[in-house]
Amino acid sequence: MFCLTIAGTLAQADVNLSDMTPTHVAYLDHAATTPMDPAAIEAMVAHMGTVGNPSSLHRSGRDARRLVEESREDIARIFGSAPSEVVFTSGGTESDNLAIKGIFWARNKEASRPRVLLSAIEHHAVMDPAHWLATHEGAELVWIPVDESGLIDLDFLATEIAANHERIALVSVMWANNEVGTIQPIEQVVELAHAHGIPVHSDAVQAAGHLPINFSSSGLDAMTITAHKLGGPVGVGALFAARNLTLVPVQHGGGQEREVRSGTLDALGITAFAAAVKAADGRREAEANRLESLRDQIIQGISSKIPSAHARGIDVTGPDRGKRLPSHAHFTFEGCEGDSLIFLLDNAGVQVSTGSACQAGVPQPSHVLLAMGVSERDARGALRFTLGNTSSQQDVDLLLDVLPGAVERATAAGLA
Amino acid sequence: MRVLAAMSGGVDSAVAAALAVEAGHEVVGVHMALSRNRNQFRSGSRGCCSIEDAGDARRAADILGIPYYVWDMSEKFEDTVIADFVSEYEAGRTPNPCVRCNEHIKFEALLDKARALGFDAVATGHYAQVFEREDSDGSVIRELHRSPNEPKDQSYVLAVMGPERLKHAIFPLGGFASKDEVRAEAERRGLSVSNKPDSYDICFVADGDTKGFLAERLGTRPGEIQDTDGNVVGTHDGAYAYTVGQRKGLALGNPAQDGKPRYVLGTNPKSNTVIVGPAELLTVNRIVGDQAVWFADDVLAAAGQTEAGSDWFDVQVQVRAHGAQVLGRARSVALSRAAEIVGAGREDIATQCTRAEGLSEDLDDRTMLEVELTGGTLRGVAAGQSLVLYSGTRVLSQATVVASDRKSTAAAVAAPVAAGLSSAS
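Chain order of the listed sequences is F and S. If you're matching positions, the first sequence starts at 1 in the numbering used here and goes up one per residue. If you're matching positions, the second sequence starts at 1 in the numbering used here and goes up one per residue.
Simulated from the structure, these hints should not be mistaken for laboratory data. For each residue, glycine too, the CB sits at the ideal point set by N, CA and C. Among these hints, one or two may not hold up.
[What the hints assert, rightly or not] Here are some chain F residues the structure puts well away from chain S; computed CB gaps all over 12 Å: (1) E42; (2) G338; (3) A371.
[To be verified] Among the chain F residues that face chain S by a calculated CB cut under 10 Å, a handful are: (4) D155; (5) F156; (6) T159; (7) A163; (8) S308; (9) A311; (10) S340; (11) I342; (12) C358; (13) G361; (14) P363; (15) D378; (16) R409; (17) T411; (18) A412; (19) L415.
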């Protein structure tokens with residue numbers, strides 16, 4: 001009993017700056033990037049010494065092409081598309097740019113359709129090409145509002161489409177939000193838009209690997225995924241583009257990938273990408289249950305331990321629980337600066353993110369939280385905790401152990 | 001100790017951080033983002049604040065093997081340093097933004113945050129020395145001293161922090177006699193910033209165009225330029241753009257009667273007038289400072305400090321960064337006495353003290369600093385400048401100039417020579 005008490009005392013780890021080398025490191029930023037799956041590493045290493053441009057006509061070229069096409073088939077099968085609907089890119093940002101600009105330009109060839117409808121909580125890789133179109137191509141951006149939990153307002157979308165459908169180039173709504181993990185009603189978005197023949201794009205970067213995704217049955221016209229968020233390497237991704245979707249290329253050159261994405265195909269990266277997709281798919285259901293349980297521990301643990309913490313996103317104790325990614329927990333801490341918390345947690349071996357975009361190391365106020373009605377002041381104390389395949393109970397325990405002390409300190413440091 | 005090394009991206013702060021690491025401290029590097037819209041690359045002689053500079057700081061931290069973070073201080077910087085810079089010029093005074101940055105950002109916002117997060121001290125790349133000695137009663141006195149590297153000495157801009165904050169400040173470069181030595185130390189450690197050019201300009205004023213910066217913030221406010229007799233001798237686009245002692249940019253049509261060059265003697269923000277006159281009217285031998293910060297209670301005690309003030313004690317006086325030092329004597333005085341000294345109204349003095357918060361009823365309780373120059377004179381002393389008193393290399397006190405006067409040439413006193421205090425008001 002005595003020993004237990006001592007152990008209990010020791011376990012109450014304080015955030016102590018002298019612990020410069022924490023014994024356990026809890027990586028809780030899988031939404032930023034997640035470790036490469038061993039299967040992906042193996043697939044990549046196995047072919048690293050082999051020469052071959054997939055576009056070459058000789059044997060080495062054919063061998064490289066075969067790797068690409070087998071990967072394309074695997075990825076298409078798992079995400080429910082035809083292989084020809086998979087356009088390989090360098091990642092999420094490129095896929096989003098190609099979708100937003102490519103569809104906008106194609107839709108404005110024969111008619112004037114300046115309106116682009118986007119959810120107010122899109123990633124910058126979607127928002128910024130849209131802003132570029134507004135500045136340079138006369139696009140009119142319409143931001144679909146979200147409620148407090150981050151769900152888009154379908155009534156707003158229906159009204160906007162009914163009123164302006166002839167002038168709408170496309171709709172883009174992310175599958176699941178990267179900060180708070182709210183899953184959007186994609187099928188209903190598609191239904192509303194398709195009633196008027198308006199194409200729909202969805203950024204599924206955060207959802208892929210965690211949720212069952214079927215491109216064909218979703219009805220989407222275009223969908224973005226990237227390898228490094230699901231166990232593949234950084235630098236490769238895909239845009240699913242329906243066979244009947246016309247895209248104007250953003251990047252011109254050798255005419256690879258349906259002539260919409262020129263550039264020598266990264267056979268190695270694509271092979272590793274496919275290996276990661278297969279591995280993630282194989283364990284998806286079991287993994288979703290496991291991560292959900294860890295996520296709930298984080299959300300409930302923080303809520304009960306820290307009075308100044310406000311859980312953001314879908315309430316996991318409510319009926320909409322299923323509309324939240326199993327991997328994402330998100331809080332704002334009243335009166336704290338996010339950068340203070342990140343510093344203190346990093347120092348204690350807990351790696352998290354504010355979730356919002358950074359400009360050279362400075363987190364910007366999250367447009368996602370602001371769209372959800374969070375005040376700018378509260379948004380400054382935001383932290384995102386995201387889980388992945390290597391996440392463990394030990395990670396969660398360490399977080400819940402050190403976070404109360406960190407919040408106390410950061411609260412004392414206040415808002416700069 | 002747990003030390004936060006403030007890293008601007010320049011060679012000084014990088015070497016300071018390196019020396020803190022080598023002294024055995026637990027060091028974390030922090031770069032302060034002072035603007036929300038930073039330029040990608042540094043330009044001209046601004047040595048901080050661009051994203052490139054943040055990257056340089058990051059690489060230095062990598063090489064030193066210390067954690068590195070960027071803290072957003074832009075709001076605080078805007079609210080204190082930049083807002084003060086603009087409002088001081090608008091009020092006809094001459095601010096030193098580096099002094100304000102040390103006062104409000106580096107040794108207040110940053111230091112307070114660092115202390116709250118568990119650090120013991122903040123290390124910066126400033127050139128100044130801190131010596132500790134034991135007083136006769138056994139208490140430890142921390143003294144702030146000039147750097148042996150005189151041309152680089154920054155004790156002048158640091159003095160404002162006061163003795164309490166000095167307890168939590170480390171200046172690892174304090175003992176370096178030259179910048180070349182610092183660069184050599186950087187090179188020896190493989191720090192890529194070793195050859196980075198020195199910075200001179202005000203970091204938030206692009207191209208060093210202070211006038212343009214102020215015009216952007218304050219707009220055009222045309223007014224008259226007058227001589228000391230009240231004759232209109234020219235016009236201007238905003239009195240805020242003129243500082244005491246300025247000669248260039250006056251664009252006066254007619255030459256002065258005596259044919260001598262004319263200088264800005266002062267501005268009157270109320271009437272939006274710039275007053276010009278001959279150089280000799282810029283010469284002062286008496287200065288009054290407000291918001292005095294004392295580093296040397298021992299000196300003050302020796303001078304017989306009472307509620308009414310103190311007796312004189314000998315000092316060397318400096319009123320601008322890297323400016324000349326003049327021998328003099330100083331004492332603390334009540335505000336009413338300060339007003340009497342410069343022949344200005346009590347309210348006029350009070351107006352110049354607006355930087356102080358909560359100043360209204362207790363004017364007479366306010367202790368100010370009176371300085372009499374004995375070893376020469378100073379030219380172009382403007383309200384708002386930082387007044388620092390030394391004894392040898394030791395900083396005794398710092399205050400903000402509110403007024404100045406030249407008793408020796410009383411015949412010309414009709415002219416508005418008190419810095420920033422124009423008799424035209």
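>> Tell me the numbers of any earlier hints that the structure contravenes, in ascending order.
In response: 2, 4, 5, 6, 7, 8, 9 and 15
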